[in-house]
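Novice: Listed below are the residues making up each chain.
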Amino acid sequence: MAYVITGSAADAEDATQDALVKAWRALGRFRAGEPFRPWLLQIVANEARNRRRSAGRRLRLALRVAEDPAAPDVDRGALLDAVNALPDDAQAVIACRYLLGLSEHETAVALELAQGTVKSRTSRALDRLRELYD
Amino acid sequence: MTELERALSQLEVDWPATPSFAYRRHARRRLLAVVFAIVVAVGIAFAVPSARSSILRFFHLGGETIERVQTLPPAQERTLRASLGIPITHEQARLLLARPFAVRDARVYRSGSAVSTLLPGGVLFSEVRIAGGAVAIKKFIFGATGVRSVALDPDTTAFWFPGRHVYMPPTLPARYAGSTLIWQRFGITYRLEGRGLTLDRATSLARLLR
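Sequence order for the protein chains is A and B. The numbering used here numbers the first residue of the first sequence as 55 and each following residue consecutively. The numbering used here numbers the first residue of the second sequence as 1009 and each following residue consecutively.
Hint data in this document are derived by calculation from the structure and do not stem from the laboratory. The model shown is predicted, which means the values in this text are computed figures rather than measured ones. There may be inaccurate statements among the hints.
A few chain B residues that face chain A, going by a derived Cβ cut-off under 7 angstroms, partial list only [as the list claims (entries may be wrong)]:
id	residue
1	Ala1015
2	Leu1019
3	Leu1160
4	Pro1162
5	Asp1163
Built from N, CA and C at the ideal position, the CB exists for glycine as well.
My request is simple: use the sequences and hints to build the entire structure.
Specialist: Structure below.
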């Protein structure tokens, strides 16, 4: 997720590391019974956004298809090209929702958006992807 | 889910390699080595699909602690039926779980804080409610297992532990366990276990058990 936000492997690594240290220090404030994953994702996402802002420019996220000869019968390269061709905001929601498997709520937390915005942005991004991919 | 969404979900992306945070030199980085096993496993591993199995070492999932070890601890061979515990009523189960047991019209048993039943096909289904984040059950898995996460629905992720591992229930000696699916919902840790249990069958059952 940090990579999706920063667009840089090095920044994502640093952001994740700093976030984990912050999470460790903040564990005492974590409310027992609450889901842990969104809490941790929020800390990682905040740190990744801070790093992106301090870098002063947004690196373009460039996703590559993994080598997988047993992959299902879809043109994975073309599909990922279509994802890479999306505008940044659309690419981010698609990456969070489908490539990372985050829920709408988690995506909203990660990208600092309202859940309704995630839903509408996802829908528009899928429409755009269909145009690009088909 | 549309065909496009399914194709996107199945895309294997070449994510940047997960770094070894444990070997940084800076003092603050060293602190990370301590928390790496706990936090990374539940955070980054779950967020990056390709890293899930490779960096999983130790994590808590509701009432269960899962540890990956080089050698399995000693354990008994015990049938699932022998692991059920004592029979209780559905009302007693409801009081223990603070909600009705998910399988109605079945014989229900209690072993420690676990409420269980046997499903057709030799599948053990258990529910454990843990208050205050306490851990009641330990599970040991060996080496590079094919542990993976599965989305039961948009808000619920289950974890699949294929093959033999050691299960340490609250009030009985450790025993060898078959393939297991674990998930959490409503503050309850749910568990399906069976020697011949497949991931497809386990996830189908899990989606029915609401």
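Novice: Double-check Leu1160 of chain B for me: the hint is only fine if its C-beta lies closer than 7 angstroms to a C-beta in chain A.
Specialist: 11 angstroms, violated
Novice: With chain A as the partner, please determine if Pro1162 of chain B meets the hint condition of a C-beta pair closer than 7 angstroms.
Specialist: Check passed: Cβ of Pro1162 of chain B comes within 5 angstroms of chain A, closer than 7 angstroms.
Novice: When the nearest CB of chain A is found for Asp1163 of chain B, is that gap smaller than 7 angstroms?
Specialist: Cβ of Asp1163 of chain B sits 5 angstroms from chain A, so the hint holds.
Novice: Restraint: Ala1015 of chain B near chain A, CB-CB cut 7 angstroms. Satisfied or not?
Specialist: 5 angstroms, holds
Novice: Is the hint on Leu1019 of chain B kept, meaning its closest Cβ partner in chain A is under 7 angstroms away?
Specialist: Cβ of Leu1019 of chain B sits 6 angstroms from chain A, so the hint holds.
In terms of the numbered hints stated before, the structure departs from hint 3 and from no other.
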